[in-house]
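Build out the structure end to end from the sequences listed, making use of the hints.
2 protein chains.
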Amino acid sequence: MSEKFSQQKDYMQLALAEAEKAAAAGEVPVGAVLVAPDGTVLAALGNAMRRAHDATAHAEMQVIRAACAALNNERLTGCDLYVTLEPCPMCAGAIAEARIRRVYYGVADMKGGAVDHGVALFAQPSCHHRPEVYGGLRESDCAALLTDFFRLRRNGEIN
Amino acid sequence: MSEKFSQQKDYMQLALAEAEKAAAAGEVPVGAVLVAPDGTVLAALGNAMRRAHDATAHAEMQVIRAACAALNNERLTGCDLYVTLEPCPMCAGAIAEARIRRVYYGVADMKGGAVDHGVALFAQPSCHHRPEVYGGLRESDCAALLTDFFRLRRNGEIN
Chain A
1 MSEKFSQQKD YMQLALAEAE KAAAAGEVPV GAVLVAPDGT VLAALGNAMR
51 RAHDATAHAE MQVIRAACAA LNNERLTGCD LYVTLEPCPM CAGAIAEARI
101 RRVYYGVADM KGGAVDHGVA LFAQPSCHHR PEVYGGLRES DCAALLTDFF
151 RLRRNGEIN
Chain B
1 MSEKFSQQKD YMQLALAEAE KAAAAGEVPV GAVLVAPDGT VLAALGNAMR
51 RAHDATAHAE MQVIRAACAA LNNERLTGCD LYVTLEPCPM CAGAIAEARI
101 RRVYYGVADM KGGAVDHGVA LFAQPSCHHR PEVYGGLRES DCAALLTDFF
151 RLRRNGEIN
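So the sequence lines, in the order shown, correspond to chains A and B.
Numbering follows the working numbering, in which position 70 of the first sequence is assigned residue number 70; successive positions increment by one, without gaps.
Numbering follows the working numbering, in which position 81 of the second sequence is assigned residue number 81; successive positions increment by one, without gaps.
Among these hints, one or two may not hold up.
Rough simulated footprint, nothing fancy, chain A against chain B, three-plus residues with beta-carbon under 8 Å [what the hints assert, rightly or not]: (1) 63-69; (2) 93-107; (3) 113-119.
Keep in mind the hints are simulated off the structure, nothing from the lab.
From the three backbone atoms N, C-alpha and C, an ideal C-beta is built for every residue, glycine too.
As structure tokens, this is what we get:
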């Protein structure tokens with residue numbers, strides 16, 4: 001397909017690499033990347049709730065905070081987020097607060113997601129900013145990471 | 001009323017003081033306090049989005065992160081949150097992630113709130129943790145701070 005689509009897969013590949021690093025550190029493997037309007041990667045990070053002892057340290061929150069710091073701006077207008085798993089309500093709220101332009105996610109989260117499932121935050125009349133959303137990018141790779149992680153945890157091979 | 005209720009007003013007074021400090025720094029005046037099960041104040045902070053250049057730095061997020069750091073724990077089980085304004089979707093999500101026991105808020109936010117308005121997150125079947133919620137504590141004082149702030153900003157006395 002287009003060069004643009006190939007770029008999008010590259011960004012998701014970077015998010016997948018962060019998810020793998022998170023898994024190696026005992027975190028649920030979710031990774032995210034924040035990309036500036038000119039295509040520059042502003043931040044690439046994974047879940048860090050256990051490592052950082054921080055309930056809010058989901059991958060999306062991590063890259064939003066890092067990108068705000070990099071740009072010295074509380075708004076990420078025109079920036080795009082890539083994340084391996086559909087964002088939860090906290091992260092969807094942060095995406096709206098940061099005025100992110102587009103959200104690309106890998107695998108849907110029927111139980112915990114808040115973009116295309118659950119409260120479907122961006123479709124609510126109360127939502128003050130609606131990013132464009134594209135789900136299913138590198139879906140099977142993103143899903144496999146999570147499936148493997150939870151299988152190993154169930155088997156007691158990781159805790 | 002009971003000594004307990006008086007304590008709750010004291011915690012909200014502390015949240016109000018943080019909201020006032022935020023206003024003095026040019027932030028929308030919202031303050032929050034995180035209280036441990038034994039009544040110890042773990043964190044008291046206000047909105048810092050502009051000061052910190054961080055879209056996620058709402059008062060509630062600030063105290064949740066600080067309290068997690070203080071306890072070295074990603075869960076704030078048994079802890080209570082006091083906040084001058086009804087939490088937004090991001091903060092309501094973070095409250096559920098952190099497993100906070102009770103949320104006391106001052107003034108309802110019909111437009112931006114996500115506890116008793118908007119997506120009413122804790123009432124959703126997809127919500128995995130439901131704190132007890134008590135709205136209207138020191139309501140008029142919490143509301144007055146916000147009303148004054150937005151009046152001054154409309155008049156160009158602050159920017």
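Against chain A, does the segment 93-107 of chain B show at least 3 residues with beta-carbon separation below 8 Å? Our answer is that it holds, as 6 residues pass the Cβ test (under 8 Å) against chain A, meeting three.
Practice problem: Mind taking a look at whether chain A covers the segment 113-119 of chain B? Criterion is 3 or more residues with CB to CB distance under 8 Å. | Solution: holds (count 4)
| For the segment 63-69 of chain B, does the count of residues with a C-beta closer than 8 Å to a C-beta of chain A reach 3? | holds (count 4)
In summary, this structure violates none of the numbered hints.
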